[in-house]
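Residue numbers (full-length UniProt numbering), protein chains in the order written: chain A, 1 to 143; chain B, 1 to 186.
These are calculated hints, taken from the structure and not from any lab test.
A virtual CB, placed ideally from N, CA and C, is assigned to each residue, including glycine.
One or more hints might be untrue.
[Claimed, not checked] Keeping only pairs whose Cα atoms sit at most 30 Å apart, straight-line, the calculated DSSO-like set for lysine-lysine is: (1) Lys77(B) - Lys106(B); (2) Lys24(A) - Lys3(B); (3) Lys47(B) - Lys24(A); (4) Lys3(A) - Lys61(A); (5) Lys3(A) - Lys80(A); (6) Lys47(B) - Lys155(B).
[Unchecked claim] Listing some non-contacts, in silico: residues in chain B with all C-beta distances to chain A over 10 Å: (7) Asp43; (8) Asn98; (9) Asp126; (10) Gln145; (11) Glu156.
[To be verified] Derived list of chain A stretches under chain B, where covered just means 3 residues or more per stretch with a C-beta under 8 Å from a C-beta of chain B: (12) 32–44; (13) 49–57; (14) 77–91; (15) 94–107.
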Amino acid sequence: MRKFDLCLNSEGAEVILATSSDEKHPPENIIDGNPETFWTTTGMFPQEFIICFHRHVRIEKLVIQSYFVRTLRIEKSTSKEPTDFEQWIERDLTHTEGQLQNEEIIARDGQATYLRFIILSAFDHFASVHSVSAEGIAVSNFS
Amino acid sequence: MVKLAAKCILAGDSTVGKTALAQMFRTDGAHFQKNYTLTTGVDLVVKTVAIPDTEDSVEFFIFDSAGKELFSEMLDKLWVSPNVLCLVYDVTSEQSFNNCSKWLEKARAQASGTSLPGVLVGNKTDLAGRRAVESAQAQAWAQGQGLECFETSAKEMENYEAPFHCLARQFHQLYQETVEAFQALV
Ligand SMILES: Nc1nc2c(ncn2[C@@H]2O[C@H](COP(=O)(O)OP(=O)(O)O)[C@@H](O)[C@H]2O)c(=O)[nH]1
Ligand SMILES: [Mg+2]
């Protein structure tokens, strides 16, 4: 089966919720495949966004490019609706002055239909997420 | 268009008028309660301020210690990760002004390394005959600390909005600078 980046607009992924939004830096920027565009948080933490794959996928590796993110929690769901999220991964990122944080996570138990990213805390008043990619395979479509 | 959210902490000695100012701001001057007791009062005031000449706004979440400033471990919890600071003294109380540096230090310690935009507010200007802190004295200290300086009377509804509008502008500017920095990363 073909492995590819599941977290792309062009592959059918969608950001269905984000707690912050600046019209100039919308959450779709996270999955447009371009690290130059980004989503910003606009205030107090925690802040979150949810990515919908519109199918069942199995994720093997996640790469998150961000700035000023301190503690990141990722939950996943295997339901058809964005419910029943379970805790999956939690990371404390390090601050990388002047360059993007590039967090690579080798995933275990990567079956998912939705991913929920929760930024619990940040190194500054605001944080940005430039891209999330999830390498893996599409398992099946919603019936 | 963006709506920012800012956690605002109110710092200063008891009875300087922190709660009165926050409630004035919340109700657009509709309420001045004469008899606050230390245990009453709302802990959280939520209010949105538009940024002039933009379509942007800042929603404040003002954390009023409602008398808990007497118990410092409670303040530590209430003050986690502040975005902006409103530091208040009473213009008739020199001690409340002198204590501002202590409050400022405590607030900045909670901001853990990030900048903390702030205003210094001298309240109770209606008690002109009892004034103990001169404007110039407060101005000089505030300037040295990088704080914008205001005088208000919550009782006479004088100028009570200005400090919050200033905080909104400062926070909005900080957002724009931060976004520019994000843009320059890649
Ligand atoms: N004369 C006068 N009294 C005020 C003013 N603001 C507050 N007070 C009074 O000062 C007392 C303490 O006010 P409060 O807001 O509870 O102070 P806090 O402890 O700092 O929150 C109350 O009796 C208020 O009515 C003001 O601008 N002028
Ligand atoms: Mg009070």
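So, going through the hints one by one against the coordinates:
Our distance criterion of 30 Å between C-alpha atoms is met by Lys77(B) and Lys106(B), whose separation comes to about 12 Å. Note on Lys24(A) and Lys3(B): the hinted pairing holds, with a Cα-Cα distance of about 12 Å set against a maximum of 30 Å. Distance restraint check for Lys47(B) and Lys24(A): the Cα-Cα separation of roughly 24 Å lies within the 30 Å cut-off, and the hinted pair is therefore satisfied. At roughly 11 Å between alpha-carbon atoms, Lys3(A) and Lys61(A) fall within 30 Å of each other, so this suggested pair holds.
For a cut-off of 30 Å, the pair hint linking Lys3(A) to Lys80(A) stands: about 22 Å separates their Cα positions. For the suggested pair Lys47(B) and Lys155(B), the alpha carbons sit about 20 Å apart, so the restraint of at most 30 Å is met. The beta carbon of Asp43(B) sits about 15 Å from the closest Cβ of chain A, which is more than 10 Å, so the claim that it is off the interface holds. Remark: the non-interface label on Asn98(B) is consistent with the geometry, its nearest Cβ contact in chain A lying 30 Å away (cut-off 10 Å).
Annotated as non-interface, Asp126(B) keeps its C-beta farther than 10 Å from every C-beta of chain A; the closest such distance is 34 Å. For Gln145(B), the condition that its CB be more than 10 Å from all CB atoms of chain A holds, with the nearest at approximately 19 Å. The claim that Glu156(B) is not at the interface with chain A holds, since no C-beta of that chain comes within 10 Å of its own (minimum 32 Å). Counting residues of the region 32–44 of chain A whose C-beta sits closer than 8 Å to any C-beta of chain B gives 7, which meets the bar of three, so the coverage hint holds.
Coverage of the region 49–57 of chain A by chain B is violated [criterion: at least 3 residues with CB-CB distance below 8 Å; count 0]. With 0 residues bearing a CB less than 8 Å from a CB of chain B, the region 77–91 of chain A misses the requirement of three and the coverage assertion fails. For the region 94–107 of chain A, the stated coverage by chain B holds: 3 residues have a C-beta nearer than 8 Å to a C-beta of that chain, and at least 3 were required.
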